Amino acid sequence: MCLCSIVGGGEYSVEVVTQDVVFVVEMSMLVWPILSRLLSVCRGQIVFSGDPRQLPPVGSVSVMTELLGCLPALVLPPFLREDGPERVRVTTVKCGSSGHVQDSLVRRVLSCVQEGSEWQVLAPVHDGELGVRRLNHLLQAAVNPEGVPVGAGFRVGDRVMVTKNCYTVTPPVYNGMVGMVVGPDGSGVRLRLESGLW
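So for the sequence shown, my numbering puts the first residue at 60; every next one is plus one.
Worth flagging that the hints you see were computed from the coordinates, not collected in a lab.
Just so you know, not all the hints are guaranteed correct.
[To be verified] With beta-carbon atoms standing in for the labels, derived distance ranges:
no., residue 1, residue 2, range
1, Cys129, His196, 25 to 35 Å
2, Pro92, His196, 17 to 27 Å
3, Gly158, Pro204, 11 to 21 Å
4, Ser99, Cys129, 42 to 52 Å
5, Asn224, Ser99, 20 to 30 Å
6, Glu174, Pro92, 38 to 48 Å
7, Leu133, Ser99, 45 to 55 Å
Values in this document were obtained by computation on a predicted structure and should not be read as measured data.
For each residue, glycine too, the CB sits at the ideal point set by N, CA and C.
Construct the complete structure from the given sequences, taking the supplied hints into account.
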């Protein structure tokens, strides 16, 4: 039996996928044009995997929600869905303005840093007062004010997350990996990721 794993991200020009089984992960981000293309090129069975509680794709409807209404689905029991015995603490904060959200976020992150707790900030958009770019700038100034600049807006000690797969390096770098800026590297920056230096 031939298996094929398809992960999100990137543009692919594929005429035919001949594997017997194709796994599509992160289905909550699936949009209709990609699903149409997938169905037209796959010759085997397709298994979709995802979490319907995640945000739908930006600017599109939730394909996953509609497909769950008409396709057979298997819901994993909680002990197979959890990453471990620890639970993620989620706090809802009511804010009257984007400035209030920013201030509250910076305070909470600094509190985690002082406690030595793990923290991660996610935003659904890149631009705007509450987008990734603005929040990165605010948190960099609060968490790593003394970091030595190394170019491209980064400082030594900045936390980073990979946003695109790169298979041309050894070991490969995958979307979602986290790490830290450790210094300059020619015209770029040197990172320490989960898989080592890059």
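These are the hints, each one checked on the structure:
no. : hint                         : in the structure
1   : Cys129 to His196: 25 to 35 Å : 44 Å, violated
2   : Pro92 to His196: 17 to 27 Å  : 34 Å, violated
3   : Gly158 to Pro204: 11 to 21 Å : 20 Å, holds
4   : Ser99 to Cys129: 42 to 52 Å  : 19 Å, violated
5   : Asn224 to Ser99: 20 to 30 Å  : 24 Å, holds
6   : Glu174 to Pro92: 38 to 48 Å  : 45 Å, holds
7   : Leu133 to Ser99: 45 to 55 Å  : 25 Å, violated
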